[in-house]
Every structure is written in structure tokens, then in C-alpha cells.
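2 protein chains.
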Amino acid sequence: MRKPKIVILGAGYGGLMTAAKLQKTVGVNEADIKLVNKNDYHYETTWLHEASAGTLHHDRVRYEIRDVIDRNKIEFIQGTVEEIKTEEKRVILENGELAYDYLVVGLGAEPETFGIKGLKEYAFSIVSVNSARQIREHIEYQFATYNMEAEKKDERLAIVVGGAGFTGIEFLGELTNRIPELCREYDVDFHKVKIICVEAAPMVLPGFDPELVNYAVSQLEKKGVEFRIGTAIKEATPEGIIVGKGEDEVEEIKAGTIVWAAGVRGSSVIEKSGFEAMRGRIKVQPDLRAPGHDDVFVVGDCALIINEEINRPFPPTAQIAMQQGEVCARNLAALTRGKNDLETFTPDIKGTVCSLGDDDAIGIAFGKKMVGGKASFMKKMIDNRALYMLGGPSLVLKKGKFNIF
Amino acid sequence: MRKPKIVILGAGYGGLMTAAKLQKTVGVNEADIKLVNKNDYHYETTWLHEASAGTLHHDRVRYEIRDVIDRNKIEFIQGTVEEIKTEEKRVILENGELAYDYLVVGLGAEPETFGIKGLKEYAFSIVSVNSARQIREHIEYQFATYNMEAEKKDERLAIVVGGAGFTGIEFLGELTNRIPELCREYDVDFHKVKIICVEAAPMVLPGFDPELVNYAVSQLEKKGVEFRIGTAIKEATPEGIIVGKGEDEVEEIKAGTIVWAAGVRGSSVIEKSGFEAMRGRIKVQPDLRAPGHDDVFVVGDCALIINEEINRPFPPTAQIAMQQGEVCARNLAALTRGKNDLETFTPDIKGTVCSLGDDDAIGIAFGKKMVGGKASFMKKMIDNRALYMLGGPSLVLKKGKFNIF
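The listed protein sequences correspond, in order, to chains A and B.
All residue numbers for the first sequence refer to the UniProt record's numbering, where the first residue is 1 and numbers rise by one.
All residue numbers for the second sequence refer to the UniProt record's numbering, where the first residue is 1 and numbers rise by one.
No wet-lab data here; the hints were simulated from the structure.
Some clues are possibly wrong.
[To be verified] Straight-line distance between alpha carbons at most 25 Å, and here's what the computed SDA-like set of lysine to any residue pairs gives:
no.: 1; chain 1: B; residue 1: K120; chain 2: A; residue 2: E149
no.: 2; chain 1: A; residue 1: K398; chain 2: B; residue 2: D187
no.: 3; chain 1: B; residue 1: K152; chain 2: A; residue 2: E112
no.: 4; chain 1: B; residue 1: K38; chain 2: B; residue 2: S131
no.: 5; chain 1: A; residue 1: K152; chain 2: B; residue 2: I77
Bound-form chain A, shown alone (with noise of 0.2 Å):
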């Protein structure tokens, strides 16, 4: 009898899990396995605001994939994801192409810009290691300039930061502890540098507790954020940003850099090859197969669950995306065996923590609401969480967040 040939696409958070579920559970005669990545690192998605702010080096925040797949039943392979041809049941590959017999998408997100004329010319976005490097790079660039010009231009020294979510937020709060270093490394005197952060909704990270917010808004303010809430951006330009102001009127925020931080949207891939779509993510079925597509499962930032409680969307997340794999691991060892009765996924959201720096932050865990180091310290566990299902003990000694207080 033939194995089944398991392709999987991406290893992000979902990829990566389904690929280290399937190694334990899948034996090397039960199936033909390969993983598929751009990159030979797997990246933390969700620590890379503090690689953008500098904080953290961008080798803290990525691993080899050869360090946690077992590559006796698992084949790497790096590559880029051009398209899925469905009906032949086949990946197209930049250099190659794959056949399958099932399919999982983990391709993760890009940046939505909604449109937004210049966004993708002139502000940078926080989604993997090479942006955040070149985030980092680019504000250094600009303090290392001040100094040289005959006629001082404060607003190098601004940073515009667009969007007051998740990632908004958590960059905001590494941003503020750099800058005074990089006020010593450039002699920059620290009241020159704004940072404003702007936001088109009316409030700061929605469906967060309003106390808890509060807290975060103040904390960042007295670190020296400037917030615009409900202000839209219209425009990026070299310069800066252009935001709408009352009715009619328009103004312009002078800025040397801008980090758009306000949405994402699945991996152009999905809508390439012809899946139904909103935004690039799949509604997928209760056992996170793509609907009409049997053989093809979707995680991480490419599916879409909705919470029936609210009936909106689950908030795209790592721990969402790391229980999909499970359970999508779970489903392939059934259809591997024959089996066609697969497990429904239901997401456990055990909590929340938004970061607010290195020393800080807002959450709600085990139902408990907290904030500052308490609330800190729970975030870099459950980072380093993440590193123990993915690379088990050995990855979390290597790239564990050890410094609590």
C-alpha cells in the first residue's frame, strides 16, 4: 500500500506544531511527510515588536527547524509557496513543485494595508525577522543622522506607530525602553524624539478590560506616547503621515519613520489558488479542513473561527494557532488510518497578556486580571510555553526568557 504524502505549508506556529504532533504520533511507514518554509528558522511572530524596537536580537527570536522536526520522518524543505492547484493536488514552489494526498496551510499573514495610499511604499510592517531588523536598523539610522545636519530636523526623531491592537501596543511599550539608549548612543537629547500612536477606532486595544487598558495608556503616556484614538490615517509619505481632522480637514504628522501595526490579512496564496476567502482566511470547517477540500487543512493566521459567544471572529493568535495544530495532527493520524471520524476544534483561550516592555504589562490569566510585573512575568511564561511545545525542554534552555524579577 502507498503512504499518504503529507505536505505541510509554513512553519509558523500552526505548521510547525501539526509537523512536531505528527513526528510523535505518525511512524515512518505510516506516511510520507514534508515541511515547506521560506526560511530555515522558524520565527516567533508574536516577540517580534521587541526585534523591531531592539530590545531583543533577532537571534533570540528565531531557532533552526532542523533543532525541533525529526528528520528521520520528516523531510525539510525550504521554499516559497507560489500556489496550490486543488484539483491536480499540488504545491507550486518558487524552484519546484510538490504533490500531495493532504495538504495543511499555515502560511500566515501579510500585512493589510486597506488601501491606504503609500502604506506600502513608506511605513515598515512587523511581520518577520527581516522587516524587524530593518525596523531596528532604519530608527538607529535616523538618530545616527541627526547629529550631521547643519540644520537639526526633530522630526527624524519621530516615530509614528499606526494601530493601538496587540502589536501596536507591545511595540509601543519596547519602543519606549529603547529610546532613552538610543538618546546615549547618538547624544540625542531625549525630549526631541515623539512617538504618536494612531489609531482609527475610538479606543485602544478593543475587546480588552477597560481597566486594564487604562492602565496601559497611562503607563505608556507617562513613557512619553503621544495617542491620536479615532484619528484615521489617510496617507504615507516620505515625510511622515497624512490624518484626517474633523470633518474635512486633513493633518500632516511629520515622521522619519512609520511602523503600521493595524491589521493583517492571510497570505496572498490563499485567494491565488482560488479558495474562498475573506481578507486571505478560510472559514474552515469544525475539523479545520478548507470547505469543499478534503484533503486540505488550514491554522494559524490563514483560518478563520468565529466565536459563537460574540459571533466574530477569533482574534488570529499563536495559542490558536498552536492548538489547530494538535488537532490538526490529530485528524491527519485518523485519515492516515483510515479513520474519517475527526475531532472538532474548539479554541481554550487560557488568557490574554499584552506586553507593555520588558518590565510591564496588562492580562487576564485563569480569570484573574493583573498588571505590572505579575502580569510580565506571566507573558514570558507563557513564551517560553510556546518554546517547550514546539522544541520541548532543550529549545526552551536556548531561547527561554529568564529575566524575571
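Fit chain B to the known structure of chain A by using the hints.
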């Protein structure tokens, strides 16, 4: 009796040495001494190529002026000199002015671009702490951006160094040591990086021993430097440089970074103040005074002294500037005490070492040629000696180079 007012402009090697020696020989009741400098720190001009390449942190190449002057004897004024009004015996600063009885001009050098189009706009010069860290960050940003572009531009990783004189060669030595680190940091293939040294003159390091020059060129070539000797830069552009090729032809060399290290001239304040000068350098009298100005001494890069043996000016070096500072201080002390019999300055060239990175160098010292580790050791001793002469043993311990093998 009124105390004479001595004003020293510039805290480079010449000015700071004048101050350091004056405070040892002249009593508080003998003279009123002021030292003016743009920054509150002195920097090692001869170490800037290291900070520019990123092999030595810029804080290692500077120290606070107040750490080396005796503030009971010398008043430090942070200010930028705009003009010297010799008739009125006054110095105009950006924010104020100072009267003097005796003046020491040690205002240092500026890049000389020989009117080459685009160099001021698109090339960096190794001239200050500010410019050094901007060069370092510019190169890092080019590397950080490389992997972010869908279509990779190898020219981003190309670095053109204009000039194969002392600064150019020493910078190349550091740069070639730094590139492998940058490649690791930004996941860049080492073979994609190009370092091109363009020199209009027909030789590398003119005036240096040919055997040593051959060693230097071959060592740098081994580390990836491509030499384009006898090649003149016609223009610098945002994309790179245009060089002459043969009679009428030109060639474009695309590069993300252009560093101009092919020449300096004396401060532009010299000409602005009406001194007779050649490229901002005043041909001083044997006692270091400017011709026709018995109250103005000139030291360092603004002073021109002829080497009678070859009937050409001595190249301005830290060694000569410090020796001038010593003589200048003794002559000022003499004038203060009413003596008009001033000392004649004669350079005493003890040796010259050109570094080729942290671990290699070429040089002549005590009449002996040396290369490799031995020459590199000598270079570090010369660097430590400059610290010792300006700030004593404590400064050597704080900023000295002890990475000796």
C-alpha cells in the same frame, strides 16, 4: 598687572596638548586660559575609521574634555567658532564671543572634495564621531534592507572607498574584518558583498615603502578588496560613482555606500577670518605663529610645515599636532613671562604605522620595517601613547587598546 588672556580654539590633538602642557607650566596667576571646543569631548581622529567600520564603539574613541583638563587653571567653553577677528583680537562663536591676548588655532580639518560633483551630497567622510556612527549605521541599514527587497539588489552591499591614502587603507582594513560579521547578522552571502577602492593617483599609500605597500595591497585583496588605482572619480550619484576610464570613456560603479577618504583641508574658519592659507592651512613661522600675527599660534591640521628634505609639506598627523602643542605651550609660557625668544618647531617623526585591521598592519618605527602582528602591536602602543600624553595613565587604563596577542 592684568593677566594675559589665552584662548585655545579646538580640543583636537594640537589644541588639547597645548592646554595639557600649559596647565602644568603656567600658574593660575600668570594667565587666564580658555579652551573652546564644539563638543564636550575629544575624539581620536586617528581611530575614527574603526568606529566608522563598526569594529570599535564610538564611545571608545572619545573622552570628556573635563576629564583631562585642570578646571582650576583652564575654563572649558563648549561652542562653535565662526570667525576670528584678528584686528580686534576677538573670536566670534555661534553663541557669543571671546577676547584674547594670545590665540591658539587648532580647529582641525574638513573633507576636501576637490569640487567633484555629488560628493558632498552622496558620500560620507570619516571626520567626526557623528559621521563615523552615521557611516556604521548606513552600512548596517543597507545590509538590513537587502533581504527585504523582492528583487535583491547586490549593489546595496557594494561599498566604494574613495582614496587609497592612510585613512582609506586603514578603513578598508577594518571594513574587511567587519563584513563577515555583517553577513552573519543579516543573513547575507559573503560573496555578494563588494568592496572597491578607487584612487586617482597611480599608487597606494604614496610616500610609503613600496615593499610594505605591496604587503598591504595583497592582504586587503585577499580579504576581498578590489583596487581601482589611477582611476578618478568624476561624480558621485545616489546610485554610486562615475569613474573615468581611458581617454573619454566613463564607467558607472553602483554602490549603496560611498566613503570619501581621499583628502582633508584645514578648517574653513581660516579663510573666512582672512588668513593667507593653502586649502585652509596656514604656512606657519618656525615658532608656530601665523605670519603677520604675533599673537596667533596655529597647530594641527590648520598648520602647514614644509619638510625641507623633500620640499613638500609634512602630512598632518596626530604625532606632529601633539609635538606642536608642546612647543606652542612653551612659547605661550615664555610670552606670558615677557620673554620674546621663542622656540623653533621641528617635527620628530618617530615612525609611521598604517593598520590593516585589528590584527595586521604595516609600518616603520625606529628605522625598522615591520608587518603583521608586530606592526599591529606597535600601532596600539602608538595609540596608547597618545592617550598617555594627553590624559596620563588613568586615561590609558580607561580607553587604551590592550587586545594584544
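Evaluated hints:
For the suggested pair K120 of chain B and E149 of chain A, the alpha carbons sit about 12 Å apart, so the restraint of at most 25 Å is met. As the CA atoms of K398 of chain A and D187 of chain B are separated by approximately 20 Å, the hinted pair is consistent with the 25 Å bound. Among the hinted pairs, K152 of chain B with E112 of chain A is consistent with the structure: their alpha-carbon atoms are about 23 Å apart, no more than 25 Å. The suggested pairing of K38 of chain B with S131 of chain B holds, with an alpha-carbon distance near 14 Å, which does not exceed 25 Å.
Restraint check: the Cα-Cα separation between K152 of chain A and I77 of chain B comes to about 22 Å, which is no more than 25 Å; the hinted pair holds.
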